[in-house]
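**Q** In the order they appear, the protein sequences are chains A and B.
Residue numbering for the first sequence follows the numbering used here, starting at 121 and increasing by one per position.
Residue numbering for the second sequence follows the numbering used here, starting at 121 and increasing by one per position.
Because the hints were derived from the structure by calculation, they are not lab data.
Any given hint could be a false lead.
You can't tell identical chains apart in this list, so a pair holds if it fits in one copy or across any two.
Computed list of lysine to aspartate or glutamate pairs in EDC-like fashion (alpha-carbon distance at most 20 Å, straight line) [unchecked claim]:
1. 195 to 243
2. 247 to 132
3. 247 to 261
4. 195 to 156
5. 247 to 157
6. 195 to 261
7. 247 to 152
8. 247 to 170
9. 195 to 174
10. 195 to 129
11. 195 to 224
12. 195 to 132
13. 247 to 186
14. 195 to 220
15. 195 to 206
16. 195 to 172
17. 247 to 206
18. 247 to 174
19. 247 to 178
20. 195 to 182
21. 195 to 230
22. 195 to 207
Given next are the chains, with one letter for each unit.
There are 2 protein chains.
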Amino acid sequence: MRLLFVHSDHLEFETTTEAGAGLAETEDVPMEGRMEDCVTAFVSVEREDETDLDAVVENAADELRDVTGQLNTRKVVLYPYAHLSDDLASPDSAKTVLRDLQSELDADYDVLRAPFGWYKSFEVSCKGHPLSELSRHVTPDRTDGDAGSETADRAPS
Amino acid sequence: MRLLFVHSDHLEFETTTEAGAGLAETEDVPMEGRMEDCVTAFVSVEREDETDLDAVVENAADELRDVTGQLNTRKVVLYPYAHLSDDLASPDSAKTVLRDLQSELDADYDVLRAPFGWYKSFEVSCKGHPLSELSRHVTPDRTDGDAGSETADRAPS
Ligand SMILES: [Mg+2]
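Using the sequences and the accompanying hints, generate a full structural model.
**A** Encoded structure:
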């Protein structure tokens with residue numbers, strides 16, 4: 121899984137058209153939404169994640185807890201985003217991971233999840249401080265500690 | 121090179137702090153800017169591009185001409201973005217490519233280039249139609265035609 125975290129003053133989105141027949145989520149997820157002062161997590165679920173979807177959900181939740189802890193926020197947007205990887209998981213796997221990640225976080229976070237399988241208009245802002253954009257590569261590795269993720273903090277360029 | 125094109129109602133940015141000593145561009149590039157109704161091109165220059173920087177500039181310009189032709193706009197934001205690749209070029213190579221790409225386009229495009237090597241706040245919108253987000257992998261391949269690029273149009277997920 122590829123994650124791009126953007127510390128945002130706001131994120132808003134609205135679905136426009138379905139991306140493919142039978143692909144688009146329509147239940148239990150809003151067709152539009154807005155959140156203020158949040159971490160926007162752009163998410164690409166990858167083929168390698170399909171070896172253990174539960175593990176990648178757990179490792180992704182760990183990363184989100186780390187990042188939101190550093191940024192001192194409990195507000196998260198989960199935004200499916202195909203453009204962070206060349207090797208995507210199947211749509212069914214991606215939807216499972218996104219739903220399960222939301223469930224994992226719902227108890228102690230305010231979560232806005234954008235629906236999978238839709239073209240969407242959106243607007244996002246980035247606060248611009250040195251930790252306001254972070255990328256992570258999360259794997260299904262179940263080893264303890266940070267083995268299930270690879271930090272990729274980079275100069276912003 | 122990894123390119124992510126976002127057809128935008130607007131993009132605006134403002135530099136905040138330098139990312140590293142001696143890394144940040146400070147000349148011939150604005151410290152803040154805004155463009156309306158444009159293609160925002162997020163750009164990661166990669167190590168493989170260093171085999172032939174001129175070729176990758178030419179191939180990237182071809183891609184931009186293709187995409188802006190489809191979207192019927194002559195307004196382009198070049199936005200350096202480290203988070204699209206795991207294997208980045210050196211900062212010097214990246215700066216050369218971004219400057220040369222701007223020069224290549226300046227004759228017939230309205231180009232806003234964001235400076236390399238700065239943390240920046242930004243706000244970007246995406247129009248949300250099916251062609252409003254496109255990713256491309258551009259290489260230094262000099263073969264004629266489209267051999268220097270790999271189309272990666274994806275469902276938006
Ligand atoms: Mg071409």
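**Q** Against each hint, give a clear statement of whether it holds in the structure.
**A** Right, here's what the structure says about each hint:
1. 195 to 243: both (17 Å within a copy, 19 Å between copies)
2. 247 to 132: both (15 Å within a copy, 12 Å between copies)
3. 247 to 261: neither (32 Å within a copy, 37 Å between copies)
4. 195 to 156: So residue 195 and residue 156 pass the 20 Å test inside one copy only (8 Å; across, 29 Å).
5. 247 to 157: This pair counts as within: shortest intra-copy Cα distance 9 Å, inter-copy 22 Å.
6. 195 to 261: neither (26 Å within a copy, 44 Å between copies)
7. 247 to 152: between (22 Å within a copy, 14 Å between copies)
8. 247 to 170: neither (33 Å within a copy, 32 Å between copies)
9. 195 to 174: neither (22 Å within a copy, 44 Å between copies)
10. 195 to 129: Close inside one copy (11 Å), not across copies (26 Å); limit 20 Å.
11. 195 to 224: For residue 195 and residue 224, the Cα distance is within 20 Å only inside one copy (14 Å; across copies 42 Å).
12. 195 to 132: within (13 Å within a copy, 24 Å between copies)
13. 247 to 186: within (18 Å within a copy, 32 Å between copies)
14. 195 to 220: Intra 17 Å, inter 40 Å, cutoff 20 Å: intra-copy only.
15. 195 to 206: neither (29 Å within a copy, 28 Å between copies)
16. 195 to 172: Neither: 27 Å inside a chain and 44 Å across chains, both beyond 20 Å.
17. 247 to 206: neither (28 Å within a copy, 23 Å between copies)
18. 247 to 174: neither (32 Å within a copy, 34 Å between copies)
19. 247 to 178: Cα proximity of residue 247 and residue 178: none, with 27 Å in one copy and 33 Å across.
20. 195 to 182: Within. Shortest intra-copy distance 15 Å satisfies the 20 Å Cα cut-off; inter-copy 40 Å does not.
21. 195 to 230: For residue 195 and residue 230, the Cα distance is within 20 Å only inside one copy (5 Å; across copies 37 Å).
22. 195 to 207: neither (29 Å within a copy, 31 Å between copies)
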